[in-house]
Amino acid sequence: MNVLECEGLVKAFDDLVAVDDVGFHIAAGETYGLLGPNGAGKTTSISMIAGILESDSGSVTVGGTEITTRTTEGKRQIGYVPQDIAIYPDLSARENLRFFGKLYGIPKARLDERIDEVLAVIGLTDRGDDRTEEYSGGMRRRLNIGIGLLHEPMLLILDEPTVGVDPQSRNSILEGVEELGRTGTAVLYTTHYMEEAERLCDRVAIIDGGKIRAEGTRRELVELVGQLDTINLGVVGSARRLAEALASVTELESVIATEGSVEILVEGASGLLPRVLEIAQQSDVGVSGVEVIEPNLESVFLHLTGKALRD
Amino acid sequence: MKALAITWVNVKRLVRDPSTIFFVFIFPMLLILVLGASFGGGFQPQVAVLDEGGGPFAQELVDEMAGSEDFDTISYDDRGALLEDVERGVANMGVVVPADYDERLQSGAVAQVEFVGRLDQSVVQYRATIEAIVADQSAVFRAARLVEAQGLAGFDDAVASAQLATTSTARTVVVRESTGESVFGEDLGQFDLGAPANLILFVFLTSLAGSAALINTRRLGVSRRMVSTPTSIGQILLGETGGRFSIAMIQGLFIMVGAAVAFQVRWGNLAASSVLLILLALVGAGAGMLMGAIFDNDEQAGSMGVFIGLGLAALGGCMVPLEIFPDTMVKIAHITPHAWALDGFAELIRRGGTIGDILVEIVVLAAFGVALLTLGTWRLRAKLTH
Amino acid sequence: MRAAFVIAGKDLSQRIRDRSAILLGLVAPLGLAFIFSAIIPDTTASFDVSLAYVDQDGGEISSGFISGVLPDIEADELATVEPYTDLDTAMVDVESGTTHALYVFPDGFTDGVLAGDGGSVRLVGNVDHSISTQIADAILSGYLAEIDAVGISVDAAMRSGAQDPTALVAAAAQSPDAVVLVDTEAASRELDATTFFSAGMAVFFLFFTVQFGVSSLLEERFYGTLPRLLGAPISRWSILGGKATSSFILGLTSMVVLAVATTLLIGAEWGNPAGVAILMISGVLAAIGIMAVVAVVSKTPEQAANWQSIVAVLLGLLGGTFFPLSQAPPALAFFSKLTPHAWFLQGLGDLSAGDGLSVVVIPALAMLTFFVVTVAIAVLAGRGRVLAP
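Chains as they are written, first to last, in our numbering: chain A, 158 to 468; chain B, 35 to 420; chain C, -4 to 384.
Worth flagging that the hints you see were computed from the coordinates, not collected in a lab. Glycine included, C-beta positions come from ideal geometry on N, C-alpha and C. A hint or two may mislead.
[What the hints assert, rightly or not] Ranges between beta-carbon positions, derived for each pair:
#1 B:SER102 / C:ASP67: 23 to 31 Å
#2 B:ALA39 / A:GLY196: 35 to 43 Å
#3 B:VAL208 / C:ALA70: 20 to 28 Å
#4 A:GLY196 / C:ILE11: 37 to 45 Å
#5 B:ALA401 / C:ALA371: 27 to 35 Å
#6 B:ALA296 / A:PRO246: 41 to 49 Å
[Unchecked claim] The following residues of chain C were derived to be distant from chain B, with all beta-carbon distances above 10 Å:
#7 ALA33
#8 GLU77
#9 ASP102
#10 THR128
#11 VAL251
Only chain A is shown next, with the shape it has when bound in the complex:
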């Protein structure tokens, strides 16, 4: 069953159509990525999904309940982590958590326990009683996410949670999201980092100019573009001899030998790689390294929109 279903979302600000007919669905345990550059309509879309922003048209249901700005109970199923750090600087982490916990109606007995759990997960157990204005940027970022997890939502919406985060914190955030997926939480993740979408998301929607340009698993998206994989072989011995031997394989689109390496273009590298290596062995050419480069979402994005993902 789908945790989130949304369709036909439209939002215009004056003359600017920020979101134009956006729709998708996320199943339990699935991590869904909205990949697009700044200004693509990601935040506007999830604001409507989270019931923060009134949509011009379209519908959102989470766990079977329709979500609008007037919904109250239904929003319990949603955990929302805004892109900007949204915590009270003059309150401690524990107080921030307690406040939002109460707003989500977590029973008092459970709340204390749950706050401790979340503090442990985000690594702030020791600093939980300090005012958050004394925190480092990474600590605030983690608390920002922690508040969204507090009430154990069935859908967690993360809006570019790694922007401006140091590499170490970033990695721990990504690991956390992967863990959530395993526990059955549906995750809606927006980002303009291709690597994050590739690493985390089971399915990705490519959004630009307020429209979803393509959607699917990474594989499906790449195939949509129809680009070839690249196999780079590091070679000990004669690269030229290997190249000549490989010419017999008709599935290989092109084989280029350079000093110490052979570059092969192929459709579906994984399927042909064993044969390539077998030929290398037969040709008595030593292989020192194998690198398979599949076309990435970056190139998919470039292909679909004609522009680069990063601004």
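With chain A held as given, fit chains B and C onto it using these hints.
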């Protein structure tokens, strides 16, 4: 010169702040206007007058009261309104001439005039003034009744000759003189009294509230950046001091010139009042520097500045005149620079003094300025380099 | 409803930590009221009038005043009277202000009056004691008016054909007053100085206190927590309700604390507690409404704070919180009524007259009108904007 650049940035930031326009330029003028309109022109007690009968004798009494120079009269035609306004202090006291005033006088009875006063207001002195006017009227009818009683004329003729007698009889006269040195001066303009107090209040208020900008500069790290440039700490401190001083001077000059132009306020001897203003601005700059160095939170410093600014102004005689302070409070008031500056301006404006007459005030203000500036720059230096 | 209280509770705990709110809500008004009460002289204390006289005349009219009128004045404790024999000594004392006013009866005064030539009495007053001098003047004038009345009576009779002035003098002196002044005591609806400044400062700073609560909505946007609140399973009204509740509690608490503190510390008399409570509640509501309008039309917390201080100071000045405007010119008095401050102070003043609770109805209604109108404006102006993420 680098210090000048820092000063200039300070002034620019002040002028760009939207609330500055109101608090530095509009509000002081408004305050002088409201104060002048409400209290200027000296205190003249207001007497509410109600003539219930409207007869000719009553009219004469009312006219006599209206002609008095000791108070102003306000006419009422409703007893309830008169009573309410006396109770609220809109009028200091009231006089009601009853409906039967004329009738009683004609019939030979004793006519009563009602004096409406409050126990909590010192109206004793005004009651006596009104009583004297009533006595004058009484004298006319006493004379008329005597004439009538002696069988010399009928009532109307008797009144006529009594009225003639009041003008022709040689009267006893009170020759009034005054002596001594007037505290408030003889011919102050409507706005003269409030303007110096406002000048002093606002120079300090603006300086203290302006310290928030200094803290803001430190918080934003601009100060550290300044220190990192090849500019000596001395130059930075001088520039910041110059900034505080310029802002205080802008405020002071605006009020001085503005009040002189808009409300014809006289500031007395130009050289002497300029010296006072400059010293005042220095003291303000010093206080602002000190605040800016002590506080680390600009919002708190802003609120604190308003509170200290208003508190010192009240204590120093800028809200309630020092002249009516109890004696011990006058002494306490002089721990503030405000009171000394007020004394200085009083000497210049009310008694036409010159620099020579305000030497003590100049020395004290200069001492305040030096002390505060030294303390302020010392604390700020410590904050900038640690 | 529950969510509104959770939000209000969070706001309040934030405000309590924010020293600015405590400073402007409690310390500043209390401190200023304290300073004012110290520097305002107690007007209800007995008014000192020191009079003196030099009698160079020694006739019956001067002594009639000195031994007939002045002793009564002293007995009534209206003034102290000091006799002088030497004019120069007396003049020195008036000039220095030791004596406020001096009567000088010149030689031959009585004789001149009795001869029908009139006469003059000098009254020398110290310039800084004009009220004492006025009192002195009024006492003397009253006495001389009686003397003159006799003269006028005799003169009038002679004009009408009477023959014997001496007999008339006796008759005239016996004749009773034709007009007398009788007293009607009015109650006071003005606050004494201490209460006035306590209440004035309290209502003036109330607007700053309430501002912290109202502007916290802009702060939520600034902190980025507003979208979080919007995403929470609570109704949008409970967010506004929470803000209003915390503003109300902040404002009312500061007013109550100030009323109690000024009553205990400097002897302010706020009056009937029920009436004061009604006025305070409606005053706090009016303040919330006005500050809400300013907050709604502002874009940033900083801009709101700027404009809110401007509005608070302007209304405070017009509302007569710094100095009473009871005798202001009519135009100013009219503008004054356009502030809740003026109504609050008027309500307290009426209450102080002790006529019961009904007197607070109109001031309270006036302030509630401010509340209703400003809230309506805030809702209209903020529709679709205030709760946009």
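ALA33 (chain C) and chain B, when compared Cβ to Cβ, separated by more than 10 Å: The assertion about ALA33 (chain C) is violated, with a minimum of 6 Å to chain B.
For the pair ALA401 (chain B) and ALA371 (chain C), does the Cβ-Cβ distance stay inside 27 to 35 Å? violated (56 Å)
Does the Cβ-Cβ separation between GLY196 (chain A) and ILE11 (chain C) fall within 37 to 45 Å? holds (41 Å)
Is the hinted range of 35 to 43 Å satisfied by the C-beta distance from ALA39 (chain B) to GLY196 (chain A)? holds (39 Å)
Starting from the range 23 to 31 Å, see whether the pair SER102 (chain B) and ASP67 (chain C) falls in it by beta-carbon distance. The hint (23 to 31 Å, Cβ to Cβ) holds, given that SER102 (chain B) and ASP67 (chain C) are roughly 25 Å apart.
Kindly confirm whether 20 to 28 Å is satisfied by the beta carbon distance between VAL208 (chain B) and ALA70 (chain C). For VAL208 (chain B) and ALA70 (chain C) the Cβ distance comes to about 23 Å; the hint holds.
Verdict on ASP102 (chain C) as a residue remote from chain B, using beta-carbon distances over 10 Å: holds (15 Å)
Between ALA296 (chain B) and PRO246 (chain A), does the beta-carbon spacing fit 41 to 49 Å? Holds, since ALA296 (chain B) and PRO246 (chain A) (Cβ atoms, about 45 Å apart) stay within the stated range.
When you look at the beta carbon of VAL251 (chain C), is every beta carbon of chain B farther off than 10 Å? Non-interface label stands for VAL251 (chain C): nearest chain B Cβ at 20 Å, farther than 10 Å.
Determine whether the non-interface label on THR128 (chain C) survives the test: each CB of chain B must be over 10 Å from its CB. violated (7 Å)
Please verify that the nearest CB of chain B lies beyond 10 Å from GLU77 (chain C)'s CB. holds (16 Å)
This entry does not satisfy hints 5, 7, 10, going by the numbered hints stated previously.
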